[in-house]
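Participant: The residues making up each chain are set out below.
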Amino acid sequence: MSEPKTPPAAPGLVPETPAENRQALERDRQLFHLKTLYEASQELSSPASPIDLLQWFLPMAMGPLGLTFGFAVLLRPGGVHVACLGQEEEVRKHYERSGAGLVRKFFPEAGKSPADCRPTVLVGQHLSNDPNLPTGTTVAVAISIAEDSHVVLGFGPKISKTPLEEDETELLHSLAAALAVALRKASADEQVHALNADLREKNERMEQAQNTLSRHAFQLQTLYETTLELSGSNNPLTILDTFVLTLMGTFSYASGWISLHGPETLAADVVYRGPDPDAQALLASTLGREAVLARFVELKDRMPQDQQAVLLQEPAALAALPVSAEVAVLFSVDGDWRGAIGLGTPLADTPLTEEMTQLLLSLTGTFLVTMANAKHFNLIQDLNSDLAQRNAQLQATLDDLTSAKQEIGLLTEAKERIIGLVHGEVARVWRASWLDAGLIVLAGIVLGSLFNLSSPSGIALVPPGMFEPATATVEAPAAFQETRQGEVVIIDARPVEFFNQAHIPNAVNLPKDLFNFVYAMKLSSVAPEARLIVYGRTISRHYDEDVARELRQLGHENIVVLAGGLSAWEEAGYEVEQ
Amino acid sequence: MTGTLKKVLTHPVLALLFRLYIGGLFVYAAMYKINYAAEFSATIASYRLVPYWAVNALSIFMPWTEIICGALLILGIRVKSAASVITAMLAAFTVAIAINLFRNAPISCGCFHTIEDPISWWTVLRDLSWIAMTLHVYHFDAIFQTDQLFLGKLKRIES
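Residue numbers (this note's numbering), protein chains in the order written: chain A, 1 to 578; chain B, 1001 to 1159.
Hint data in this document are derived by calculation from the structure and do not stem from the laboratory. Since this is a predicted model, take the numbers as computed values, not measurements. Where hints are given, some of them may not hold.
[Claimed, not checked] List of simulated lysine-lysine pairs, DSS-like, C-alpha gap at most 30 Å: (1) 1007/B <-> 415/A; (2) 1080/B <-> 1007/B; (3) 185/A <-> 202/A; (4) 1153/B <-> 415/A; (5) 202/A <-> 105/A; (6) 1007/B <-> 405/A; (7) 93/A <-> 35/A; (8) 202/A <-> 35/A.
[Unchecked claim] Per the computed footprint, the stretches of chain A lying under chain B, defined by three or more beta-carbons under 8 Å from a beta-carbon of chain B, are: (9) 447-453; (10) 458-469; (11) 514-527.
All C-beta atoms in this analysis are idealised placements derived from N, C-alpha and C, irrespective of residue type, glycine included.
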């Protein structure tokens, strides 16, 4: 608020003056109006709410114009606000109830953006008769702030009961325009404030959401990292150790343990991280095993099934665990393996929130999957190892079988050959065989040769006469002529049986076998130079040559062989003695 | 009757008797020929069928072939092969005798000795009967064979 100014004298109280004084007075009025307008503008430019601006505007307008009362009705989405000056409280309450109707009279098209931002100023006595306005209203001003915010102002008559003059009306227009601008500015400020508040609220909500998201991200990151770490190993003990450390780090606990017990009494995987040196042995002991498995029995129908985990919440159950734990989870792996996870000695005083509990169960779920996979992997590895061993045994057996098969093949082949040989030999024995016949003949040749060589009565393999020079021959006619002349001795060299059967007349039978005897008897007297014709030759033996050879050895030189022998003699037609 | 006769004629015992007879006959005949090769060569030459250059060789080898075949028959070794060789030799002898009979050659058989009766158609008949015996041995001989002693076991291996 600016410093209060001394109000100018009311126009009605100014005495009539001369013309120059009137002009001066007119200037003063104008100056006064301008000052009023300036001050109002100054005042309205201050940051304030539309209600405050209206409450400030009423005295600003009423004072310079000398109006008896004023009121303002503001209709906006938040409701109806009324400001009164110079009116009774009843009027305020009346407009608080029906002010909206008054405004809609001036702005029937509610919700429509105002086409003209300039305020509407109505001046006149006719307004006093309007039932919607208070009695005596002479000025009505309608200002549209926004499409859903409108203001209606009303002013009573001047104190001087005189109507508003033109310059006063102009002043009122100007004031209304300044108010309109201030109201729009205030409304915009309010909207900005509201938007700021809304933005702040949304920022807060976003911050909360971001925090929630960060927590979730942390949980997911933890889950991811845990999964990553757990999936890096297939060794159950390594997985247990890694998981315990992860849980202790994630949930800020100073100690933690996991005991996993198999169907057999001695089958147990246990890991403990914490200050107690005896905890691990206790967890692996029979007592530890029974203490853990007893918690499963206590859960009855809530007992975790295959790949499930259950948070142990009862203090008594937590106290009964083999190693102290603030938080414990019972779980089952593959149905046969059961175990418990315990976290003790928290580093922070705050208990686990619901989200952290869910995270614990999620991590445990991941752990169970990894653990089951590790168990399966180990089982598969054992099976593979067993399979490899069996394959090796099978390979060895196959090698043995192959070797045996080859040996059997060789033996079978040998057997077949032997059988074939035996078959051939047996068959050969029971039938005539060229081979056997050949062998017999060959044996005869060999034995005969050997015996003949070693025998004193052995003979030449080939007749010796074959290699002797042949004796001269004589043809049958010539021989016949010689016999006619009687100068020749004919000798039949054939065996006596043949000689007896047929021979040349006067022939002497001189077979080689009886040579000496017959020669001495019949031919010893024959002179060595006597002509001797010898005959007797067959395909098998040259009797004539043999005897001629013998005769030559005895000194006979004139020996000839009858060519063709007795056959040639007969064929020549000469006589034969039978 | 016919059946009985056939049974008797085809009986292995008869074949055994023939086998021993023929075997002994050939061994006996060969003994002389082996010791008197020169005389035997004269006998072969008297048949006038063997070439001049082959007479001596034949007179050396044939007796040993005969004695081997005879021994195999007696012992029951490779009976069929031995019988076949003997049959072939007997057939050759028979043909040779028949030819010389047609030639009217005044020769003796020379089967066992150098000096024998001259060959005749009885000689041919005798040789034919020996051929028949040998064929009987070939077909029906089945007992007392030395081969059976050794090859019977081989036959069991074969089965």
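Participant: Each hint: holds or not?
Facilitator: Against the structure, the hints come out as follows:
no.	hint	result
1	1007/B <-> 415/A	violated (40 Å)
2	1080/B <-> 1007/B	holds (21 Å)
3	185/A <-> 202/A	holds (25 Å)
4	1153/B <-> 415/A	holds (15 Å)
5	202/A <-> 105/A	violated (38 Å)
6	1007/B <-> 405/A	violated (52 Å)
7	93/A <-> 35/A	violated (34 Å)
8	202/A <-> 35/A	violated (45 Å)
9	447-453	holds (count 5)
10	458-469	holds (count 7)
11	514-527	violated (count 0)
Comparing the model with each earlier hint shows violations of hints 1, 5, 6, 7, 8 and 11; every other hint is respected.
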